[in-house]
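Chemist: Please arrange chains B, C and D on chain A, whose structure you already have, making use of the hints.
Here is what each chain is made of, one letter per residue.
4 protein chains.
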Amino acid sequence: MATEPTERVRDFVRETVIPVEEREHGELHRPYDGPGIHPRERALRAELQDAGRDAGLATPQLPVEWGGLGLTALEQAAVFEAAGYSLFGPIALNIAAPDEGNMHLLLHAASPEQRERWLRPLAAGRIHSAFGMTEPPPGTGSDPRALTARAERVPGGWRLSGEKWFITGAREAGLVIVLARTSGEPGDAGGATMFLVPGDADGLTVERDVHTLDAGLYGGHSLLRFDGCFVPDDGVLGDVDEGFRAAQVRLAPARLTHCMRWLGLAGRAQDLALAHVTARRGFGARLADLGLAQQHIADTEIDLAASRALIRDAARLLDAGQDAGTASSIAKTFVAEAVGRIVDRSVQLAGGQGVSEELLLSRYWREVRPFRIYDGSSETHRWSIARRAVRAHEEGRRHDLAR
Amino acid sequence: MATEPTERVRDFVRETVIPVEEREHGELHRPYDGPGIHPRERALRAELQDAGRDAGLATPQLPVEWGGLGLTALEQAAVFEAAGYSLFGPIALNIAAPDEGNMHLLLHAASPEQRERWLRPLAAGRIHSAFGMTEPPPGTGSDPRALTARAERVPGGWRLSGEKWFITGAREAGLVIVLARTSGEPGDAGGATMFLVPGDADGLTVERDVHTLDAGLYGGHSLLRFDGCFVPDDGVLGDVDEGFRAAQVRLAPARLTHCMRWLGLAGRAQDLALAHVTARRGFGARLADLGLAQQHIADTEIDLAASRALIRDAARLLDAGQDAGTASSIAKTFVAEAVGRIVDRSVQLAGGQGVSEELLLSRYWREVRPFRIYDGSSETHRWSIARRAVRAHEEGRRHDLAR
Amino acid sequence: MATEPTERVRDFVRETVIPVEEREHGELHRPYDGPGIHPRERALRAELQDAGRDAGLATPQLPVEWGGLGLTALEQAAVFEAAGYSLFGPIALNIAAPDEGNMHLLLHAASPEQRERWLRPLAAGRIHSAFGMTEPPPGTGSDPRALTARAERVPGGWRLSGEKWFITGAREAGLVIVLARTSGEPGDAGGATMFLVPGDADGLTVERDVHTLDAGLYGGHSLLRFDGCFVPDDGVLGDVDEGFRAAQVRLAPARLTHCMRWLGLAGRAQDLALAHVTARRGFGARLADLGLAQQHIADTEIDLAASRALIRDAARLLDAGQDAGTASSIAKTFVAEAVGRIVDRSVQLAGGQGVSEELLLSRYWREVRPFRIYDGSSETHRWSIARRAVRAHEEGRRHDLAR
Amino acid sequence: MATEPTERVRDFVRETVIPVEEREHGELHRPYDGPGIHPRERALRAELQDAGRDAGLATPQLPVEWGGLGLTALEQAAVFEAAGYSLFGPIALNIAAPDEGNMHLLLHAASPEQRERWLRPLAAGRIHSAFGMTEPPPGTGSDPRALTARAERVPGGWRLSGEKWFITGAREAGLVIVLARTSGEPGDAGGATMFLVPGDADGLTVERDVHTLDAGLYGGHSLLRFDGCFVPDDGVLGDVDEGFRAAQVRLAPARLTHCMRWLGLAGRAQDLALAHVTARRGFGARLADLGLAQQHIADTEIDLAASRALIRDAARLLDAGQDAGTASSIAKTFVAEAVGRIVDRSVQLAGGQGVSEELLLSRYWREVRPFRIYDGSSETHRWSIARRAVRAHEEGRRHDLAR
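Chains as they are written, first to last, in UniProt numbering: chain A, 1 to 403; chain B, 1 to 403; chain C, 1 to 403; chain D, 1 to 403.
Simulated from the structure, these hints should not be mistaken for lab results.
Heads up, a few of these hints could be off.
Said to hold, decoys possible - Partial list, derived from the structure: chain B residues whose beta carbon lies under 10 Å from chain C: (1) GLY187; (2) HIS296; (3) TYR374.
What the hints assert, rightly or not - Covered stretches of chain B (chain A as the covering partner; in silico rule of three or more C-beta atoms under 8 Å from a C-beta of chain A): (4) 306-318; (5) 375-387.
The beta-carbon is built from N, C-alpha and C at its ideal position, and this holds for glycine as well.
Extracted from the complex, chain A is given alone in its bound form (with noise of 0.2 Å):
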């Protein structure tokens, strides 16, 4: 399955990613007192996405007629991880979150002058991306139908007021795609609309930061205010009322790249680890042949196995165009699970130096938590999991799973 792209993409990340991101300790964001972003990260990213367009490696998940390579879901498996062995390698080949999972959505939800106004700029990487779904409480969280956001219709197209928060990239986002409610209220299962927005519109500021553990994405995470801004009928991405099916083509696929990324970085911890264990020694012996060393390594080996076998298992159900839902949502829940243990682990085995800024580890740690909880929580997903396993019991529906 070792495409040539994805060994393209393991030398690039090796030979040019990695330099980079040792020398700047892992971190891309950086927080910022002024307007817009840090210049120090923008230059960054410019010097990343350069890096990765002369190689020839940019965006190859998308279809060749938008400068990529057309990958399956199944290659996007493999390269997508092997890119995601370094934080910066998912910059540095413009398939990083949020931008990668909106070319996606626009790819198969948007209208043709829609692509052209908005995939083609994103693709090219001459702007960047946010996704504004999630709200301060009471707002949508883990819940959708708890939407607050709302647009009134007003001639010519829309007027969107309400607050999203934890949007990442939206500081000098070029585009911002929204959640808003056109119909119903909090609650209802039904009544959102996805807007594009640009993101110097009228009405829409960016309030502030909200600081978090990991600092891989770029502009960060804020806090947005929308009052009254205006958004023209040609704003509207698929169908009014039809967000939350919108936001479906953008989900399972969204979820199973993450994961295809995380697991990259999992398995850079443990051959950090590997070169802790294998060049230190302790209690007589080499670190990497103690017994309780070996519990951990094969531990990971297992978890990385696992996480692989799980996202291949949902890559192929997409490319076969069927029903991935509960598939990726089991692949979410295991590898965010098991990428978090897998850094921790490989914390563990490097002792002091892994919990210090000597090794790229306890960067690594910090930046993966959140997983467990963004893209729905691994409580959310379990409670649906629950739900559809009943469910197809009911139904006798339960070997198909099997499938």
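Modeler: Only chains B, C and D this time, still in chain A's reference frame:
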């Protein structure tokens, strides 16, 4: 992937096998003080195998010329899982351990004459067989090099001496495949040879049974003694002193088929638990809708999916003729533990009935426990997985694992 | 804390009880198709109780005036653990379930006449008893309010009707303590009354056995039917309609004594595993010195210590006359799971012999499994622990837990 | 057990310390490129210690003649837990690591003159101190015998050479307690001596900081270099060549006080999580009432109770003058892992806010991670616990553990 044979097996198991399993409370093996096998156990096997043959589903994994359906390893994964959905399914399809592994070994390592003599009746279910490797301490257990049974060169053949225990199906076996030392000393990595010994050979005695938690394997487990038992030269399987290599032929595939069968039973356990929690109420709700039950249900769905995915990945390697040693070792370790967790959760979900004989769950709970020990304990596999990871790191081959 | 009685019990168990346990392969209860109890089981109990009485160690938890040693709860913790070191120890000391809990209940909730009539012979081991609470679905299981058995008022007493199952020791019981509804409907939080019913009362029938994984409790578990069984007024234990409150008297202490006994058995399992791994070799070392074995050994030491510490903390509360409800609920949940893990690890450390009858471990493994379900399942306890934590938070009483 | 000082500490922490902690976002240590300690960090410590002194709660563990309250170890357990309820509590009470452990060491191992010179100002908070044991590889880390720092005999004293890293509080320390080899070679079990070195001694240099995940310890962690640093004979703590023995005086109690403080923080994390889930809704219910949240809440209650119980059991041994080595090793291993689990669950319960700086949880999550590594990693403790269990088995002393 649900090939047509899979659905036929599924129907056959549901309609024909499960009623027998329920009638017999899931007990195949009956302790017996007489010689040979308990008559009721013998009759039960015949009943099941007749049904499998009548359904045209016997030995589906064998090539067509040996009476099978010529399934690939990947196809076997689905079919064996469907068979394993009942404890009695594998017996009915003549794909139970150890016969299935022995047939595989004969198919790939035996001479045409040996195949005709032993594989033919095994494939037809006319005889059953045993595989004699494990020895009482200090002989071979987890560590194969500890092998102590000896074969001495005599004119025209060899004379075997030594003890083997935990030998499944030795009672009334037509064939016992035995590993004995033809050179070297206990502790040496080589010097083993594999012998095909008729079950009624002089000098081969079933000393006594070793009673264990499980009762799902035909004939139970025995302690065997070889007292200068003569085996002619044509009873050597493969080459002299190459027995460990010959054992490898059997090892990885047999591990995987174990995983496939037990995965089927784990799926059944989840279904029995779902039937329980959807039918009962407590604390003002249906049990299936209580959060703490949902946690168990979801965890099991995840374990089932990850087990299936790991098995398939290893099967694809086998089908591609690639080395599946590490993949099958990882799959075995994960699946054995996952199956244990799954059945344990199902017991818990069923409450008092889970530990009673009202349901089959407590029987399953006993049956799957040894799987974490047989076929290489979890600890032995972890040790080996860790060593390979360290070696791959040292040789710069870590990314090969992400094929 | 190793008070003198603890050491006497320890010696008694080692010298007198364990030889009997090994002789009988740890099986106390024998399935029996005849009426009453299997003669061998009856004889075995008598043999053990005679030995305990001869050693002057019977019912040590009772006050001196009832023939005991007047131990505090904290002292019981050590003595019961020492007794539990053999499956047969609690029977020998007449502190096995359910008699021990029933004696406690009678001591604290019965009238002087009731105590004289029932506690006297129970303390002397002349009779044994049962506790009838659990019912077949949809009756009371985890959720006590589901109680369906009814007692109707008749002149001079009550008439009981209903079914109870998983009733331990009901066969040949001298006394059956039964919970039945004297007012209200299934689902109501009150309205239960506790009755003392002679085991040979008219209208009380042992319908059949409910066979379970365990065989360590005298008389096994039965399904009982009450068909208008008459109980005179002096057979009411405590007050009418206050049966749930009376049950509380038994609940917390009985949970704890369960924990104490099973903790003893868990310690034995670790000792059997240590005996195995210190006597055998593999991979060039003693098994006890391999890292993956050390992990199991250490994890068990930690589980043993934490279990013991939790039991003692709850016992101290009982001795201080404080509410031990939450503490005993936490202890029960932790210890039941810890004991399960411990015995499972011991089985794993003993390899093939662990799942065989060569050692007592596979017997122990079966015996301890129901403990996570009986006496409130882990899920029910967690639900209750969480609710109390939330309530304490709301009422600003969280720090009280850190007493 | 909630002695009066515990309640005073609890009130003090809630009213005085937590407001400061919240104001400073839980950050005590600030990276600083200048010499010494960041002025804001120094001022913050002074503010906190002044408040603790004003409240009459400083150094409560010390004997009255040293300005403390003369608490027993068991009383300390409650008081230190109450102090640890805020990250800044231990600093305010002058019971933070490493000063608290150093004071204990001086109290029990120093000469009267040494105590007067060093313990007096430490107890008064006039100076702070460091403990220099860990060395860069291949020096001492988990394995103390690897000690490489050397002290050479010179007239009137010793000259120290070598490097130490991860030395907490070395910047501006009044006193650095250092372990160096006075005889033997790295790998030898003896030959170490403990020295009391003024922080401003010639030949002692703070080379650079070792940045780590945590920021709660004053002065952070540094790399120190000793270049022939002279220490007069009266700077030897305890006896020459007996440094490992002297270190034991500090080891078990310091491990336990770590546990006490971190347990306090874990309780706080649970309270922050409870505040979150009782205030927010989702899926039609209060989060606190969802089953999957209840699981986390209950698991944390169990972990808190078991941690507390293990700490107390070890404290009782210390108070009784008994060997608490194994008990404190078990407590440390369990508590460090339990605290990690607890804070991780609290983060998860708080969702997106859990990984943000909106709450203190993400800070706590970083702070507690190193505890599984510092003070003996979980792996080193497990290895040692297992070896002691095996030895106790061989010497027939296993039941002593059940004291």
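Chemist: Hint validation: GLY187/B versus chain C, beta carbon distance must be below 10 Å. Holds or violated?
Modeler: 8 Å, holds
Chemist: Has the region 306-318 of chain B got at least three residues whose CB is nearer than 8 Å to a CB belonging to chain A?
Modeler: Check passed, 6 qualifying residues.
Chemist: Are TYR374/B and chain C close enough, Cβ to Cβ, to be under 10 Å, as the hint says?
Modeler: TYR374/B check passes; min Cβ-Cβ to chain C is 8 Å, inside 10 Å.
Chemist: Holds or violated: the region 375-387 of chain B covered by chain A, criterion of 3 or more residues with Cβ-Cβ distance under 8 Å?
Modeler: holds (count 6)
Chemist: Does the interface hint hold: is HIS296/B within less than 10 Å of chain C, judged Cβ to Cβ?
Modeler: 8 Å, holds
Violated hints: none; the structure is consistent with every hint.
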